[in-house]
Amino acid sequence: MLSAAMVAVDSAAMMTTPKAAGIQFRREKRDIVMSFDYQISLISADRTIIINLMQSGIADRISRSLMNYGVRPAAISGFFVLLAFLWTLFLQHTFAYPFLFLFFGAVTGSAWFGGTIAGFLAVVFSTLTIAYFFVPPYYSWSIDAAAETYFLAFIVSAMAVSWVSSSKKRTETAIREARDQLEQRVFERTEELRKSHADILESERRLRLLTEAIPQQIWSADTRGRVEYCNQHLLAYLGHPVEEMQQHGFLRVLHPEDLALFRHTWERAFAAGAKFEGEWRILGADGSYRWFLVRGMPQESLQGGIARWYGTNIEIEERRRAEQALIQAQSEVAHLSRTLGMGELAASIMHEISQPLTAVVTHSYACREWLRSEPANLEKAFSTAEKIVEESTRASSVVARVRALFQKEPPFKERLDFNEVIQGVVWLLRDEAIRRDVLIRTDLSRGLPSVDVDRVQMEQVLINLAMNGMDAMSRAPQPRELLIVSKNESSREILIQVEDRGAGLEPESVAKIFDPFFTTKPHGIGMGLAISRSIVETHDGRLWAAARPDGGASFRFTIPCGQEWGDLQG
Amino acid sequence: MNERTQDRTVFIVDDDPSICEAISNLLESVGLRSEHFGSTEEFLRGRRASFGCLILDVRLPGMTGVEFQQELIRSGADIPIIFMTAHGDIPMVRKVMKAGAIEFLTKPFQKEELLSAIQHAFERSETHRVEEAACRLARTRFEKLSQREREVMEMMTAGLLTKQIAGNLNLSEITVKLHRRHVMEKMEAPSLADLVRMADRVKKISRS
Chain A
1 MLSAAMVAVD
11 SAAMMTTPKA
21 AGIQFRREKR
31 DIVMSFDYQI
41 SLISADRTII
51 INLMQSGIAD
61 RISRSLMNYG
71 VRPAAISGFF
81 VLLAFLWTLF
91 LQHTFAYPFL
101 FLFFGAVTGS
111 AWFGGTIAGF
121 LAVVFSTLTI
131 AYFFVPPYYS
141 WSIDAAAETY
151 FLAFIVSAMA
161 VSWVSSSKKR
171 TETAIREARD
181 QLEQRVFERT
191 EELRKSHADI
201 LESERRLRLL
211 TEAIPQQIWS
221 ADTRGRVEYC
231 NQHLLAYLGH
241 PVEEMQQHGF
251 LRVLHPEDLA
261 LFRHTWERAF
271 AAGAKFEGEW
281 RILGADGSYR
291 WFLVRGMPQE
301 SLQGGIARWY
311 GTNIEIEERR
321 RAEQALIQAQ
331 SEVAHLSRTL
341 GMGELAASIM
351 HEISQPLTAV
361 VTHSYACREW
371 LRSEPANLEK
381 AFSTAEKIVE
391 ESTRASSVVA
401 RVRALFQKEP
411 PFKERLDFNE
421 VIQGVVWLLR
431 DEAIRRDVLI
441 RTDLSRGLPS
451 VDVDRVQMEQ
461 VLINLAMNGM
471 DAMSRAPQPR
481 ELLIVSKNES
491 SREILIQVED
501 RGAGLEPESV
511 AKIFDPFFTT
521 KPHGIGMGLA
531 ISRSIVETHD
541 GRLWAAARPD
551 GGASFRFTIP
561 CGQEWGDLQG
Chain B
1 MNERTQDRTV
11 FIVDDDPSIC
21 EAISNLLESV
31 GLRSEHFGST
41 EEFLRGRRAS
51 FGCLILDVRL
61 PGMTGVEFQQ
71 ELIRSGADIP
81 IIFMTAHGDI
91 PMVRKVMKAG
101 AIEFLTKPFQ
111 KEELLSAIQH
121 AFERSETHRV
131 EEAACRLART
141 RFEKLSQRER
151 EVMEMMTAGL
161 LTKQIAGNLN
171 LSEITVKLHR
181 RHVMEKMEAP
191 SLADLVRMAD
201 RVKKISRS
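If you're matching them up, the sequences are chains A and B in order. Quick note: the first sequence, position 197, residue 197 per our numbering, numbers continuous. Quick note: the second sequence, position 88, residue 88 per our numbering, numbers continuous.
Since the hints were derived computationally from the structure, they do not count as laboratory data. The reader is advised that the hints may include incorrect statements.
What the hints assert, rightly or not - Derived SDA-like pairs: lysine to any residue, alpha-carbon spacing no greater than 25 Å straight-line: (1) A:K169 <-> A:L182; (2) B:K111 <-> A:V361; (3) B:K111 <-> A:E374; (4) B:K111 <-> A:K169; (5) B:K111 <-> A:A376; (6) B:K111 <-> A:E352; (7) A:K168 <-> A:L83; (8) A:K380 <-> B:P17; (9) A:K380 <-> B:H36; (10) B:K203 <-> B:R139; (11) A:K512 <-> B:K203; (12) A:K380 <-> B:E112; (13) A:K380 <-> B:G31; (14) B:K111 <-> A:L378; (15) B:K111 <-> A:A476; (16) A:K512 <-> A:A476; (17) A:K512 <-> A:I531; (18) A:K275 <-> A:E300.
Unchecked claim - Some chain A residues judged to face chain B by a derived CB distance under 10 Å, without partners named: (19) R372; (20) E374; (21) K380; (22) A381.
Please read all numbers here as calculations on a predicted model, not as lab measurements. For every residue, glycine included, the Cβ atom is placed at its ideal position computed from N, Cα and C.
Build out the structure end to end from the sequences listed, making use of the hints.
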């Protein structure tokens with residue numbers, strides 16, 4: 001029985017070998033590469049392993065179950081019961097009857113080391129052993145009636161001991177396993193954390209590389225608008241170190257004219273926590289300003305507030321230029337006089353006429369000289385006279401061309417909202433107003449009836465009046481404000497006012513300002529107002545001037561309302 | 001027009017050929033020689049005569065008349081310029097007149113205006129030519145002087161007395177007097193006042 005138990009223990013120890021062999025096998029496989037040769041090489045390396053290898057599969061599983069639930073519990077419980085039997089046999093005469101507590105120890109030990117099955121087997125073995133050896137009649141399976149109760153109590157107690165012991169063992173094992181698992185998990189989690197930290201660092205590095213690789217200027221600012229980070233593109237453009245940007249932000253590098261708008265936009269965005277964008281000029285390292293589209297976006301923190309601002313600056317210098325060029329080209333093509341201004345047009349006409357006129361006058365002098373000389377050079381005089389005719393014809397053709405220009409065609413009238421026309425003109429004059437440091441303000445009536453007008457001609461009138469107003473304010477102190485007002489004068493017509501805060505009008509000028517070639521400007525031709533009045537009159541309106549009570553001039557014109565509107569009202 | 005104007009040429013630069021033609025016709029009728037060009041570049045490339053004056057239109061293709069004037073001043077060419085334009089403004093007139101233009105004519109102009117401007121230009125260029133010749137002569141004479149004589153001449157024209165010159169140069173008064181006589185002889189100066197004028201011309205040439 002002892003040797004059987006020893007064998008059982010030995011095979012229990014052997015049970016772990018397939019596992020160990022598996023590990024070894026995996027290692028070997030990695031070294032030897034997948035092939036059938038590994039068996040041969042393993043045989044030569046370790047014969048026992050190959051035996052265990054051959055036990056793999058279903059046979060292996062069956063033998064393992066048999067080992068776990070049969071041989072091993074039987075061996076463990078047999079071993080403990082045998083030990084208890086031998087010691088009880090040896091000690092039974094020293095202690096008082098009935099001496100059975102060693103069997104409780106055997107049951108406890110079996111249940112502890114071998115599990116529930118071993119505990120149960122130990123109870124069975126102990127019961128049999130006690131029934132045979134230690135319960136009267138001795139050396140027989142029969143039991144005395146007197147010992148029956150005691151014997152039953154033993155069985156029940158032994159069962160209870162077995163159950164307590166095995167369950168305690170299970171709990172302990174479970175705790176140990178849980179602890180081991182916990183340790184393993186902590187270790188794994190630590191590894192994971194370390195790895196994710198490395199990942200974060202790597203991704204941050206990549207992100208940084210990305211921000212540097214994007215051919216745009218990128219920055220970030222804290223919640224109070226202080227610049228924290230600028231990418232290399234931005235720093236290279238500005239030519240300032242990042243510390244300086246952190247200290248002063250964008251205020252130092254913005255165009256002075258854009259500063260007020262930028263500050264306003266920035267402050268409003270920061271107060272509202274909303275993204276913003278705007279077009280501003282930024283000073284580059286080369287000392288010149290370029291246009292940028294600046295966009296800022298808040299990043300929300302986990303608590304819900306704003307953590308930081310991110311922004312990009314996109315250079316739009318080319319676009320701005322293209323826009324300008326486009327506007328100019330459009331205007332030039334559509335109506336020469338709008339871009340050149342009526343003064344320019346008149347100057348150009350004057351040049352056109354004065355050239356042939358100069359030639360005529362000069363030839364005439366020459367002709368006189370040829371005739372006056374002694375003797376008179378008739379041949380030269382004659383050819384000069386020919387030239388005079390030629391040049392005079394040229395001059396008159398220029399005049400005819402100019403007349404055609406002014407009377408080109410009847411106005412192309414369409415039904416329009418005049419406020420739209422005004423807004424279009426304000427937009428066209430925007431850059432001019434900035435250049436002259438003039439603020440253009442509008443006060444447009446909401447319920448303005450639509451009118452039948454030639455849009456281009458109306459724009460010409462408005463531009464002419466606005467330019468006059470800006471000219472009048474060129475030497476005026478601030479605020480230089482040009483006000484354009486639209487209102488319903490009556491049910492039949494609308495009234496447009498263009499008012500400046502310039503020097504105003506001399507009483508004697510008021511009567512003459514609409515005369516052709518009357519001008520108060522050093523470079524003026526004096527055609528603008530005359531042309532404007534003729535345009536307004538072809539639209540059945542009136543154009544007149546008035547002095548403003550608080551200084552400055554007010555030019556006003558009326559345009560009759562569309563026919564249907566008039567009908568409705570009338 | 002007097003005799004001296006015979007070797008003078010009026011250069012006309014205007015992009016309008018009819019203006020060029022008319023002006024040269026008028027000039028021919030009063031006996032003046034002229035060459036005309038459509039642009040400043042043509043003028044620079046094609047001018048045949050070297051002396052005279054320039055009638056320049058303000059509006060020109062490429063470089064404008066005003067820019068061309070600045071260019072000429074920079075390059076050191078000293079040719080009197082008469083401007084003409086159909087529509088000139090006051091700042092422009094002021095600018096070109098300040099830069100040394102003879103006249104600013106507004107098209108169409110009177111014959112007398114043109115001819116008197118040309119007369120004026122020729123006079124100025126004549127004065128300039130005479131002055132230039134005098135400068136060159138003074139320089140040639142000055143180069144014949146020894147180093148010591150040049151020093152003496154400089155001090156003489158600066159108004160120093162013989163005694164002071166002798167003191168400055170560590171020479172005896174007699175030696176200085178001798179140098180003074182040599183200077184006057186070599187420079188062919190009739191008086192000290194003439195010598196001072198010559199010294200100015202010598203300086204002007206060495207400056208330019």
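These are the hints, each one checked on the structure:
Proposed proximity of A:K169 and A:L182 is supported: the alpha carbons are some 19 Å apart, at most 25 Å. Under the criterion of a C-alpha separation no larger than 25 Å, the hint pairing B:K111 with A:V361 is consistent with the structure, at around 9 Å. Restraint check: the Cα-Cα separation between B:K111 and A:E374 comes to about 19 Å, which is no more than 25 Å; the hinted pair holds. Proposed proximity of B:K111 and A:K169 is contradicted: the alpha carbons are some 135 Å apart, above 25 Å.
With a C-alpha separation of about 19 Å, the suggested pairing of B:K111 with A:A376 holds against the 25 Å cut-off. Simply put, B:K111 and A:E352 have alpha-carbon atoms about 21 Å apart, close enough for the 25 Å limit, and the pair holds. At roughly 23 Å between alpha-carbon atoms, A:K168 and A:L83 fall within 25 Å of each other, so this suggested pair holds. At most 25 Å may separate the alpha-carbon atoms for a hinted pair to count; A:K380 and B:P17 meet this at roughly 18 Å.
Restraint check for A:K380 and B:H36: satisfied, since their Cα atoms lie roughly 19 Å apart, inside the 25 Å limit. Distance restraint check for B:K203 and B:R139: the Cα-Cα separation of roughly 9 Å lies within the 25 Å cut-off, and the hinted pair is therefore satisfied. Annotation: proposed proximity of A:K512 to B:K203 is violated, straight-line Cα distance about 60 Å (limit 25 Å). As the CA atoms of A:K380 and B:E112 are separated by approximately 20 Å, the hinted pair is consistent with the 25 Å bound.
Between A:K380 and B:G31, the direct Cα distance comes to roughly 13 Å. Compliance with the 25 Å bound is thereby established for this hinted pair. A threshold of 25 Å between alpha carbons decides the hint, and for B:K111 with A:L378 the separation of about 20 Å falls inside it, so the pair holds. About 43 Å separates the Cα atoms of B:K111 and A:A476, which puts this hinted pair outside 25 Å; it is violated. Restraint check for A:K512 and A:A476: the C-alpha separation of about 23 Å stays at or below 25 Å, so the hint holds.
With a CA separation close to 14 Å, the supplied pair A:K512 and A:I531 stays within the 25 Å bound. About 12 Å separates the Cα atoms of A:K275 and A:E300, which keeps this hinted pair within 25 Å; it holds. Hint status for A:R372 relative to chain B: holds, with the closest Cβ pair at about 9 Å, below 10 Å. The criterion of a C-beta within 10 Å of any C-beta in chain B is not met by A:E374, whose closest approach is roughly 12 Å, and the hint is violated.
A distance limit of 10 Å between C-beta atoms decides the matter here; for A:K380 the minimum to chain B is near 7 Å, and the interface restraint holds. Interface hint at A:A381: satisfied, since its Cβ lies 9 Å from the closest Cβ of chain B, which is below the 10 Å cut-off.
Of the numbered hints stated above, those contradicted by the structure are hints 4, 11, 15 and 20, listed in ascending order.
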